[in-house]
Structure formats: structure tokens, C-alpha cells
Amino acid sequence: MKKILVPTDFSSCAANALNFAVQTAKFYPIEINLLHVVDRTDSLYGERVDIAQEKHSTILEEVQKRLDQVKTSIAETESVEIRTFLREGAVDENILELSKEKNIELIVMGTFGINGLKDSIWGSKTAGLTGKAKIPVLVIPYEYNWKVPAKILLATSFFEEDRHVLEHIIGLRNAFKATLHAVIFTDEDTADAALFLEHGMNMADYERKLKKQLNTESIITSHLFGHKFEDALQDYIKNNDIDILAMITYQRSLWDRVFRPSVTRRMSYHTTIPLLVIPANKEDEE
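Residue numbers 1 to 286, in our numbering, belong to the letters of the sequence shown in order.
These are computed hints drawn from the structure, not numbers from a lab. A portion of the hints provided could be inaccurate.
[What the hints assert, rightly or not] Here are the computed lysine-lysine pairs in the BS3-like style, where the Cα-Cα straight-line distance is at most 30 Å:
no.: 1; residue 1: K132; residue 2: K100
no.: 2; residue 1: K134; residue 2: K100
no.: 3; residue 1: K177; residue 2: K3
no.: 4; residue 1: K2; residue 2: K55
no.: 5; residue 1: K26; residue 2: K147
Go ahead and model the full structure; you've got the sequences and the hints to work with.
Dropping the structure here:
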């Protein structure tokens, strides 16, 4: 059974992520863990200590009631059981700590996606977490409406064959019996003719390897190229009716992180379909 953690701030954005996890549980045996983190603000401690403590205790009681209500409602309407957790402190730290403590295998978290200024609230927490978590993070856009995923896209600049990385995609593909698309992107602004030719020539071999790794013939590979990875991806997603996008994050230097923002992180803000972010141990990032 796969263990999933869904952080929530009780917003509609977070509720959409929880709904994805709940609906997935009907297809695949998963354990859903719902977490809310109460962050003690500075304004709370600007008051007298006794008043502040009383307010804080009331807040904790109210939050626990909301968690219990969500748990009961899902059990009654969806026949899916969830576990709830209430923690205090920084959101990111508690998500990562609970993930380690409970052996969580996947974090499912909502984002406001393309809804402008809302990015700076819950969406920024989601985007930040994709760069910190050592386990996959599935980002669910606020605009996304649940449907059974039929097509999953693995997008990268590398010919990824690591079984540890691919197994997360395999799990989703098997759960929904989806077709897997795999695309390799070549940047026309930075790639020389030799790399461009190499990527094109290796596509057929990569498809054979993926079919063997995943033990399925339901794989379609394509060579994408252009001046901007995000634009090429968005076009492919639209033209092929992709339901879930999977991207792999690789370790990068501080210089790259500051001056070359992560494609994966940018996609977490702008994707209109669920984005699965899988961490890997390599020096560069697509």
C-alpha cells in the first residue's frame, strides 16, 4: 500500500488535491494522510501570554474539529478512510518531518496555478516544496477537474532509465491503465548539431528500453525541440490530451539555481494538469 501525504490549509485549492488522492484510492490501494500545520504568528505573541495561549488552544481545537469533519465526510460520501494529523510550526518543515516519520512515498499538494497573485500564497509553498522534498510531489492545479487519467507524459532532457525514478510513473500508469508518453527536449539555443542528431537517433532505442522496463507496449516517444521547454511541453500536452505531466528534478549548482530557474518549478506554477515532480540524483536539471 502506497502512503500519501496531503497537506491542507482548508482552501478550495488544497481540497482539490485531497479529492485527487481520494479518487485515486478507488483505483489503487493507498493510505491517505491529511496534515494541517498551525503556524504561530508574531501577532499572536504581541498579546499577553495568558490571552495568547487561550487563543492558541481555541485555534487548535477548531482545526482538529475541521480535520475530523473532513475525515467523516470523506468516509461517508466516498467510502475512503483517511488519517489526520495536526502539527505546529513551519509548514514545509512539518511536511518533510511527517513524511520521513510516516515513511510517506508521495506528497499530493494543490497550487493556484495560473491564477495570478494567488501564486504567492499556497502556490509558492507548493513550488518551494518541489525543490526540497526527497520524495515525489504531485502538484494538483486549482483549475483541474478530476477525471481518470488516460495519458501520462514523462518530459525530460535526458534519456532517463533509472528504475527508482521510473517506478513512480509506473505506479500511476498501472493504477489508471494509462498510456505513457515520453518526450526528450533539445534546446535549439544551446544544443550543437551533434547533440541534436544524437537525441533524434536515440529515440527508437529509448522507446525499446522503456517498454522493457515498464513491461508494456503502451508507450509513445517523441523528440521535442524549440527555444523554450515550457512552450514545447504546453503544446504537446494540448495536442495530445495529456492528463498528467511527470518531470524529474536533478541536483544543480547554486549558480544555476539563482540564475537559471528550474523548469519544473516554473511548470508547477503554470500547469493546468497534475504535475508529478520526481527527485533524482544528478548534477544538472532539465
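Now for the hints, and whether the structure bears them out:
A threshold of 30 Å between alpha carbons decides the hint, and for K132 with K100 the separation of about 13 Å falls inside it, so the pair holds. Taking the CA atoms of K134 and K100, the gap is near 9 Å; set against the 30 Å cutoff, the hint holds. With a CA separation close to 20 Å, the supplied pair K177 and K3 stays within the 30 Å bound. At most 30 Å may separate the alpha-carbon atoms for a hinted pair to count; K2 and K55 exceed this at roughly 37 Å.
For the given pair, K26 sits about 12 Å from K147 by alpha-carbon distance, which is consistent with the 30 Å threshold.
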